[in-house]
Amino acid sequence: MTDFPMPAVSAAADEPTRPLVHRHHWLVRVTHWATALLLPMMIASGLQIYTSYGRFGLRDAPLAVPNPFGSGGVPAWARLGGWLAGGLNWHFALAWPFVISGLLYLGYLAVSGEWRGLVFRPRDIGPAIQMQLYYLRLRKDHPPQGKHNALQKGAYTFIVLTGALATLSGFAIYKPVQLGWLTALFGGYEIARYVHFVTVWVFVAFILVHVALVLLVDPASLRAMTTGWYRGRFSSHD
Amino acid sequence: MTDRTPDGGRRLDRRDFFRLGLIAGPTALVAACGWDGGGVLAPKLRAFSRVNDWVGEKLLLSPTRLARQYPVGDRTREPDFPAYSITLNRTHAFPVRDPSSWALEVGGEVRKPMRLTLERLQALPRVTYTVKHHCVEGWTAIGTWTGVPVSTVAAMVEPTRDARYLRFDSFDSDYSNGWDLTSAMHPQTILAYAFNDRPLRPDHGAPVRLYSPIKLGYKLTKYLTAMTFTRDRHGGYWEDQGYPWLGGV
Numbered sequence: 036m037t038d039f040p041m042p043a044v045s046a047a048a049d050e051p052t053r054p055l056v057h058r059h060h061w062l063v064r065v066t067h068w069a070t071a072l073l074l075p076m077m078i079a080s081g082l083q084i085y086t087s088y089g090r091f092g093l094r095d096a097p098l099a100v101p102n103p104f105g106s107g108g109v110p111a112w113a114r115l116g117g118w119l120a121g122g123l124n125w126h127f128a129l130a131w132p133f134v135i136s137g138l139l140y141l142g143y144l145a146v147s148g149e150w151r152g153l154v155f156r157p158r159d160i161g162p163a164i165q166m167q168l169y170y171l172r173l174r175k176d177h178p179p180q181g182k183h184n185a186l187q188k189g190a191y192t193f194i195v196l197t198g199a200l201a202t203l204s205g206f207a208i209y210k211p212v213q214l215g216w217l218t219a220l221f222g223g224y225e226i227a228r229y230v231h232f233v234t235v236w237v238f239v240a241f242i243l244v245h246v247a248l249v250l251l252v253d254p255a256s257l258r259a260m261t262t263g264w265y266r267g268r269f270s271s272h273d
Numbered sequence: 197m198t199d200r201t202p203d204g205g206r207r208l209d210r211r212d213f214f215r216l217g218l219i220a221g222p223t224a225l226v227a228a229c230g231w232d233g234g235g236v237l238a239p240k241l242r243a244f245s246r247v248n249d250w251v252g253e254k255l256l257l258s259p260t261r262l263a264r265q266y267p268v269g270d271r272t273r274e275p276d277f278p279a280y281s282i283t284l285n286r287t288h289a290f291p292v293r294d295p296s297s298w299a300l301e302v303g304g305e306v307r308k309p310m311r312l313t314l315e316r317l318q319a320l321p322r323v324t325y326t327v328k329h330h331c332v333e334g335w336t337a338i339g340t341w342t343g344v345p346v347s348t349v350a351a352m353v354e355p356t357r358d359a360r361y362l363r364f365d366s367f368d369s370d371y372s373n374g375w376d377l378t379s380a381m382h383p384q385t386i387l388a389y390a391f392n393d394r395p396l397r398p399d400h401g402a403p404v405r406l407y408s409p410i411k412l413g414y415k416l417t418k419y420l421t422a423m424t425f426t427r428d429r430h431g432g433y434w435e436d437q438g439y440p441w442l443g444g445v
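Chains U and R, in that order, give the protein sequences.
Just add 35 to wherever you are in the first sequence, counting from 1, and you've got my numbering.
Just add 196 to wherever you are in the second sequence, counting from 1, and you've got my numbering.
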């Protein structure tokens, strides 16, 4: 028995009875792994840039905001680029494939209609609560689900919105005069720069939980995201 | 649908771990080393930076859009407005020139090269604005700058057709900057001789510096000596070391 609240691991003999289904389009897999590679590099080069000035707000008007690096600075292993110019060049070069990959993914979702299975809507609130109860062991059986459960929909919707926020706040601090309207939407350069910084921590938290849940709950999904083929415990369709 | 007999970790086979390693390995290595490409990728990244320069200059830069102006009361406290110079870093003192003997050499690809004294510059129509300063490091500060638009001086010297770029030189060691003409001719790009209503101080580039709210601070040449219209694109002190050439905001 595992310590994790899910049914016992199957006997090997059961496995062939489970159908092998194609779960992820190649575009989804390519953009997923591109993001898996690029996002850590965007974060690391971003932290290199951040290191040059680890505070927020105008020079004489600091913003009273939480900052996990308050005084210590970013450890070298979490930085990419070596110095400010290196960090900038990495960040502004990788921003292209990072954003293009995100747009391709969103474009695929829109064209294929797969967004319907991913977008968190009000009707998902109840199932999301049931799913949370299951994870908290307050409910014994795994709630029925399609390709994704309601909590997953919530997480994936949230992280796509975070990606959009990171991109928009990035442009807002990249061109605060030419794109002044965008910077103003964030409440100015200093706040936009902080929003951009906060998205880093949202991404980091998401990555940790995402990887942990894949390995603990549905390792077969790792194969599905790589080869497209899934032979796991969950449905691949809604 | 929920299965009563999930297969747990069985499907995470060796190949999957290999594939994961293919991606996670290099990423971890790159992140771990604070790697700027080790002399292999860094030049390629710098070359790619020119693509962003092109996008910044040709697609995003408006020749007429003005940077927002602020009330004088929003000025950053002067002790909190940072100032540095290359000479300061090397000798622990800001470079100084006697304003009465100083002059700006304006030349290159122009029909009427000129030598403009401070007195002559101050007699030209002036522009004053209170704007936000964006440093490449990420900090911002608000200050008031007064000076002569670069475009005014350009009209006086009459650039030729061969003038495609501008180059600004200084007496701050070997500091210089190359500029695109669109940014240089922007109405808020000025040869500034006053900061917060007083003559420019040595720490901010006296007697005359380049100022513009549409560029990052490192593009704003302090301690000016020459303004030269050129055929070829000049880099600059920081630009030649890898900083983005356009530096537009």
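Hints listed in this document are in silico derivations from the structure and should not be mistaken for laboratory results.
Among the hints, a few may not be true.
DSS-like, lysine-lysine: derived pairs with alpha carbons at most 30 Å apart [unchecked claim]:
| id | chain 1 | residue 1 | chain 2 | residue 2 |
| --- | --- | --- | --- | --- |
| 1 | R | K308 | U | K210 |
| 2 | R | K308 | R | K254 |
| 3 | R | K254 | R | K240 |
| 4 | R | K254 | U | K175 |
Predicted model, so just to flag it, every value in this text is computed and none were measured.
Results of checking the hints against the structure:
1. K308/R / K210/U: 35 Å, violated
2. K308/R / K254/R: Roughly 29 Å between the alpha carbons, so the hint for K308/R and K254/R holds.
3. K254/R / K240/R: 21 Å, holds
4. K254/R / K175/U: The given pair, whose Cα atoms are some 61 Å apart, is violated under the 30 Å limit.
Checked against the numbered hints listed earlier, the structure breaks hints 1 and 4; every other hint is satisfied.
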